[in-house]
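Each chain is listed here by its residues.
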Amino acid sequence: MALRLRSQRAASGAAKKPAPQAPATIAAGPPPDGGIKRAIVAILVDNEPGVLARVVGLFSGRGYNIESLTVAEVNQAENLSRITIVTSGTAMIIEQIKAQLSRLVPVHTVRDLTAEGPYVGRELALVKVSATGEKRIESLRLADIFRARAVDSTIDSFVFEITGSTEKLDSFINLMAPLGLVDVSRTGVVAISRGAEKF
Amino acid sequence: MATAQMLGAEMVIKALVDQGVEVVFGYPGGAVLPIYDALFKQNRLKHILVRHEQAAVHAAEGYARSTGRVGAVLVTSGPGATNAVTGLTDALMDSVPIVCLTGQVPTHLIGNDAFQEADTTGITRPCTKHNYLVKDVNELARTMHEAFYVARTGRPGPVVVDLPKDILMTVGTYREPDDHAHRRYQPRTQPDPARIAEAVELIMNAKKPLFYGGGGLINSGLKACKLFAELVQLTGFPCTLTLMGLGALPASDPRFLGLVGMHGTYESNLAMHDCDVMINVCARFDDRVTGRVNAFSPGSKKIHIDIDPSSINKNIRVDVPVIGDAAAVLEALLAQLKARRFKPDKAHLAKWWKEIAGWRARQSLRYDNSNKIIKPQYAIERLYALTRGAKDVYITTEVGQHQMWAAQLFKFEQPMHWLTSGGLGTMGYGLPAAVGVQVAHPEALVIDIAGEASILMNIQEMSTIAQYRLPVKAFIINNQYMGMVRQWQELMHGGRYSESYTAALPDFVKLADAFGARGLRATKPGEVDDLIKEMLAYDGPVIADIAVDQTENCFPMIPSGAAHNEILLGPADKATTPVSEEGMVLV
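First to last, the protein sequences are chains S and F.
Quick note: the first sequence uses my numbering, first residue 1, plus one each step.
Quick note: the second sequence uses my numbering, first residue 1001, plus one each step.
Keep in mind that a hint or two might mislead.
Partial pick of chain S residues on the chain F-facing surface, computed with a CB cut under 10 Å [to be verified]: (1) P49; (2) L58; (3) K98; (4) A99; (5) L101; (6) R103; (7) R194.
Honestly, the hints are just simulated from the structure, not real lab data.
Computed from a predicted model, the values in this text were never measured in an experiment.
For each residue, glycine too, the CB sits at the ideal point set by N, CA and C.
Next comes chain F alone, as it looks inside the complex (with noise of 0.2 Å):
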């Protein structure tokens, strides 16, 4: 194994280099300052200056989740580190690979309440998937080789690396990268047989199937979504995705249902309601997919394939847990029904079929457009068709109303266009997943959906986008409201839109101006095209303001605490029941 002796901020830029990294997003500070010299005196690694330590990581998970590789972040101690923890956050709960060094300060400091001193360990233990705090030089090459390990391995995770300022102006011996795997922490990859065997039992015999996908196999990566397509196409099963999910199955497929979930389709929810096999792919159960759990798809069989032991049986109880990685998982059993000379049953699956098309008839995407006023559905799906000439599209968004409608009716042919926050819903989110994602395409067409509210949490990131001539596409959906705070204010809580109004807005086009940005507005339906249009001629950031109607509503909506046959399909829809309390409790 080659060593060689070198300076604990030396060693950092090398790790990083020998781990394959070519970007870093950071902000420097004083602990950190030893980093930052040792990656001004070379050329190998770039570094992206954010505004924000938590756009950092928004731009490294933009990054990762759009290349599959590991995004990596630099920020400095105490408010460096913390300013980190939504981004860490965000990236936990949607597992995406993140190694963030920071800052601490100087190991004999470290208790005193030191300057810029804060408990970085302590802070990200719970939202990290491992954490370190180096205190010898010659552990800190390891250190950072086993952080890359275990932010890419099994499920994905953010690794935190807290590098006090003593350590990175210590000499100490470097060692590279091994191949021994980690001594340790080796999630379980192949699956066990047996089960493929009682899966493949259940799909054989299903008479009601559906495919259940989810952002684990974005993250396992372009081969499980491909074998994944190819089972979907094998069987001739319907197939719903979850947000995370969306592009693993091509939305042209006709076996795509749509979205499933809160403001999924109508067909998606209704058929995994009556389904009699579930066959979820690297999907977690999450609350907003399930609804209330003890009405969840009742009568069905359930298969769940996960890389994560503690994501079976945890909101919902499966029969047939698999245990892998989606590609290992999906390979043997297709071998497996190809083994067996699976044909599906196709007397049983017309007449599911003939079940689902009744509910796509319902179109329930379908919206009241109008020539006076633009409906923020209208200006995604202009969006939409005007963009399909574009060789490489890439979606980001915020939270909220917006996010829903973006998810709804931006079709994905490919996996890792679509960067969302799904698990944290954070806002403002979108504007800096957009700089990772243009940072790691340079060519590409990187557009973010924002609501006016989310994007203003990190504006400040156009500076950045314009430092590095990023030509970012701010798609601003400007109804004035928090619009999905509104939109419950009005079904829950009587109408009383308590603070979701934003009564000070910037000038959009203007604050475009102000970054160096192009500003662009429409405000009548017969304005969105010729936007649209300008915006994309335009080479370099633009932001586009959108003023669209502020009440609409995004539908379908499963109200909260209620199963998805109670689901809501338009304004006229009223809820048959009111929100239960044990419903309006609910997030």
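In isolation and in its complexed conformation, chain S is listed as follows (with noise of 0.2 Å):
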């Protein structure tokens, strides 16, 4: 993926982190690291000249990863956007990332929402799918079975719009391969937090 930004960093960098201190009885800051995870993070910035280039120059600047990127204002009336990143990293990673992003000025809020309890994650992708006779009419029926509407067809090619987890994405992009796959656009993940509560 063109945003995978030297996420060897993080890898390597795992492994020299100091050994899990003893357990202290005074509340410490991340847990002992427990390896990569992927985490979601959701940044309110002011939606001014420059604003994706200070979150995305971070990222690369440190050596963090960019798995996926959103971004898209979200209250005109405030002028604010919402980016949101899919990075990965050991847990002091993370929490080095939510600090580092806290701090730049037009930064409002930076939520990890894998961290803070349920949330909903959805892509969406078009997908394009050059087929005739059999191939075609199974993708049709694949598409089908998962959700997926034809946005456009000819005679001989589909583009599907589908959204749902990345996971289903993936295996949906997978089952088309054989079947014609010609290109995929993906909008990489946004999320928001399940229940009543803002973010």
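Make one complex out of these two single chains by using the hints.
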């Protein structure tokens, strides 16, 4: 993926971290590192020029990983955009990512949705398949099972629109591969917490 | 709120004045001509013309660090801005509050590869705390005020305001700074009482405690340093300081163990390794201090006081993080300790001090003096001894061996009198920083303890020094090598001194003459005192060239990738194991 930035550091850094210390009666920072975890970080920022570059530059400059990134304005009145980044790292690195993001001046709120309770995460993909005959019918049948919609069709192609978890999209795309997969366009994950609470 | 109509360029000057700026360090150019024109027509703001934009930022750093105020810089677009980048990065690494105004091509030309155009906000994004491109003259005043607020609030840092020329030449509405703080950038300054209680609990039960003070104390200000000294005195705990923190506790305090880290004292590093409670006050567990992180102070509970939450658990996992301004946190700690009638555990503390006395007895800063050749340590010791009479002594340094010797041997009794490039390690920092300090403190004695290689990186500032008749003294520890590079090549690269010898150095005495300064030279130990006395007696700028032992190495030294208890004390002390492959890749 184009946005995968120097992911080795996160991985090799993990091996060199200090051994977990004896459990303290005092509440410490993040728990001892338990290996690499995936995290969905939601960031509310001022919608101003350069703000995305600040966030992305922070990730590349400090060697953090970006698996996917989405951004759009979510509050026109207050001129706020929401950035959703799927990243990975040890608990210590995820804590750092949050702390580093929080100190950027245009950043309002940073939340690690994966760590803060149940959330809904969705991705949308447009999947182009070119096939005729039995393969074409099979692709349509699978699309039905996955609740993908054909949003474009020609005599020898479909464009399917599918939403769901990253895993669901992955398996749909994998199934399309032998049936004439031509191209894929994905949005990356957007996520929101479950329940009435904000964020 | 008072408003007025004026040109953008006039707003820039007015905003600087309204922010309390008295001096701006700068260099003119096409894009900032309107500002220089507005500058010409007023007399409230003083401008110091440097000879290179990097030096403008370092001078502003010197000004800021020695006064506690925000340093102001004014440079032109393109090369003016790119030349400032090293200074900005230096200020970011050492948390120095700077507002740097950069010219920019007119807004309609941005993106056209216009003459002297550079993507300044793009280039400076990772080397500033924040930056702005002003595209509306009516936003100019607010942006300027916000820049000062961001630069000085929380963990201080450099802020760039990029000013397109057409904005400077347009009339708009000026707004005076208002007292309403920035609507969202509001770093936490008051500590969480629960964390204070946890910290107090650890302090009260400590048997082998250690204070580890850093540059944040100096940034927080005199009040924080005073409270810190009070806390050290109240507890009777030993205290070590980082390179940036020197002066936060008077060096004459018997509880002060000296510098910590790669070239810190034996007692500081061993105490750090063996302590059971470490109280980190505004230091950042920098790799120069920690050495190998998985062997860093393995048996201690760690309290970390810092205003920047991203400093917590970045390099070293801590047990009690306390987010807040140093002064507020120290005040709360002292209040709690007093309320709980804290009495140090005398028996354990005495035992701990006895252990430390054993390490102190090793006299890790000792060196073999010579009566034939000037030892660099001797030159700095004599400089220290002979400047005791002076009222107010400020020391700046370049980067390398001389910097470490100065940090080890010069004793600082008060904060804000020691200025050095710690985080970035910028050769060429010391001379322009001395310019800034001398401008801020015209009566003070300002000495740049320099290396002959470093000082050449910004030697052009001798011209600035001449122009403003600044009595800055450059005290060059001249070993004709990039000494620290040479030392590493000796210890780690089999003595292959690749490109670390400077074959064609200038004659510094003649160079001084060329810049209208006094040039002095000492080549024998017996000449050092006379040279220093002559330097101090002269009321103008001096370049003092001290020809020192070319082979002297800086000890103690914790080899890269090693732990604190693997410290080397001197040339006879060979590392028990060769530097590991992991250590070799470290800087």
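Notebook entry, point to check: Going through the earlier hints one by one, which of them does the structure break, listed in rising order?
Noted result: Hint 7 alone not satisfied by this model.
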